[in-house]
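Trainee: Protein chains in written order, with this note's numbering: chain A, 25 to 140; chain B, 982 to 1402.
To be clear about the criterion: a stretch of chain B counts as covered by chain A if any three or more of its residues have a C-beta under 8 angstroms from a C-beta of chain A, and this derived list gives those stretches:
hint, region
1, 1203-1212
2, 1257-1269
Incomplete in silico selection of chain A near chain B, CB under 7 angstroms:
hint, residue
3, S80
4, G83
5, A86
If you're looking for bench data, these hints aren't it; they were derived computationally from the structure. The C-beta atom is built at its ideal place from N, Cα and C for all residues, glycine as well.
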Amino acid sequence: MQITERRIGQSIILDLTGELSYANRTTFKAAVERSKHSGCRHLILNMQGVRFLDSSALGTLALLAQSFPATQGMVSLLNPQSYVKEIITLANLHQILPVYTSEQDALAGSRLPAAG
Amino acid sequence: MAEPAHRIEDEPLAGKAAKPTPVILLVDDDEMTRISMAGRLKRLGYRVIEAGDGVAGLAAVRAQRPDLVILDWMMPGLDGPSVCEAIRADGELRSSQVVLMTAHDQPGQIAEGLSRGADDFLSKAASKQEVLARVQASLRSSALVREIERTRDDLDRSHRLLSAKQAELESELQSAAEFVRAQLPLPGMPAPGIGMQWAYQPSLALGGDLFQVGAWGSETLGLYILDASGHGVAAALRAVALMSFLREENLAKAVGSFDPGAIITEANRRFPLTQDGEYFTLWVGRLHLPSQTVSYAAAGHCGAFLHSLQGASQWLSSASLPLGFDPTITFDSATAQLRPRDRLYLLSDGIYEAPSPTGELWGRERLQATLESHRNHTLAHSIGDTMTTARQWLGGDIFPDDVALLGVEVLDSSGPAKEKS
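Extracted from the complex, chain A is given alone in its bound form:
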C-alpha cells in the first residue's frame, strides 16, 4: 500500500493506493496517527486507488470513526470504487463515516453522504 499525504488548509488528504488490509494496517495506522498529531481538523481518506479492503481494515476504519472525533474533528472517505464501495455499503460504514464522491465536497466538509 502506498500512502501520500496532502495538506489543504486544516484538512489532510491521505491518497491510498493498493490494498487496505491486515498486512498493512500498521502502516496505515501510523499515517493516520501522523495526521492526527499534525493538528488536522478533517482527515480525508482518498479511497480511489484502493482495490481491496478486508475485514480487518473495516474494523480499523470503524475504530478511527469512533476515536477521531473525540480528539480532533472529523474523518471521511472519498471516492471508494467498485468492490471497496460494495463492502463499505454492505457494512453500512457510511452510517458512521461520511463518504464523498468529490474532493471539493469533502473539503467543504459537507456532511451529506455521497450518492450511491
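We have chain A already, so just place chain B on it with the hints.
Mentor: Just chain B now, kept in the frame of chain A:
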C-alpha cells in the same frame, strides 16, 4: 635436539592463562624423534600426548580429541597416511586437524599425503620457527573448526528445542481446533421436517467463523452464523465467546426473547470493537416450524441465501453495521416464507470472496448460480459440489479466509430431496 634457552620470548601462550592449553597428539614410532619433538612442543607451551604407533594414535584421537594431531609418515602397521584416512572416515573425528611429519618432503609425497587426508606437512628437520608457525597455523584452523562445530551443535540444540515447542503448540492448537469444531452442529435433522448439512474450512487450524442450528423454544429453530474478524486463536476465542452468548438458555436470560433483531441489538451492546479494531459480523435467523416462517436480522454479515423452488430466491440480508461499530443502534427483524424443499444457505464471505489465480473474486452471483444449479441434487451434494466449484475457482485447496457453508432445507412429506439420476 635441545631448544635454545630463550623459549619464553617465543612462548605462544605466555600471558594467556585464561585460554585452555591446546592439546597436541604426537604419533611416532621412533622414540628419540618423538621425545625430541614432544620436548620442543612442550617448551612452546603445549600439552603433548604421545603415542608409539598408528593404532595407539588412532585410539588416542578417539579418546582425547586433541586440538592437533602430528603423525609420523613411516610407522609399522598403520602408517601416517592410513591413520589420516581412518580419521577422515570417522564421522566423529573427521574434522580433526592433522599434520603429517616426514623426513623428506618431496612434492609427490606431499600430494599423496594431502589426498589421503592430511591438512599440512612438517619436516622432521624443520626449524623451531617453522614448527611454531605450522603448529600455530594448524591450531588456528582447529580452533575455527571447533567453533563451527560448537555453533552447529548449539543450532542443533536450538532447533530440537524449537521443534519440540512447535510440536507442543501445534498439539494445543489441534486440541483447540477440535474444541471449536465440537461446537458446530451435527448434520442431520435438527428438527422434524428439517434437514441440515454443512461444510467448514478455516483458513488456519482455528477459524473465526462459526455457526449453529438448534432449538430455541418448542416450536422454533434458531440459526446463526458469525464471523469474528481476524484469524487464528484470538478470533476463535472471541467467536466461542459470542457463541456462548447465543446459547438458548443465555438468550432467554440476557435478551428475554428469541427475536433476531433483539438478539443482535443486545449483542451489539455487549460486544464492542476491541482496541485493535476487531469485531463480529453476525446473521441470526429464527425459523418458526409450524408456519415455516423465518425471521432474521444481520449485523454487517453477508447473510443467507434462500433458494426457493416455488417462490422467488432471495438474499436474506441488508446493509447493516457490524457488531460494535455503533453501540447505540437497534437492529430490526425481517421475515421470509419457506416452502417445502426450499433451502436456506448460511454462508461466510470467505466462500464468494475466493480469488481466482488472477485475483478476480468468485462473487455472490456465481455462488448463487452454483447453488441454484443443484436444485435437483441432495443438500449434501449441493454443499459439497459448491465447495469444490469454489476451490476450482481458487485454483487450490487453501482459502485465504475461513469458509463456512451451511444449508437447511424444508423436507416435503416424501422426505429429503432425491438425487437426480
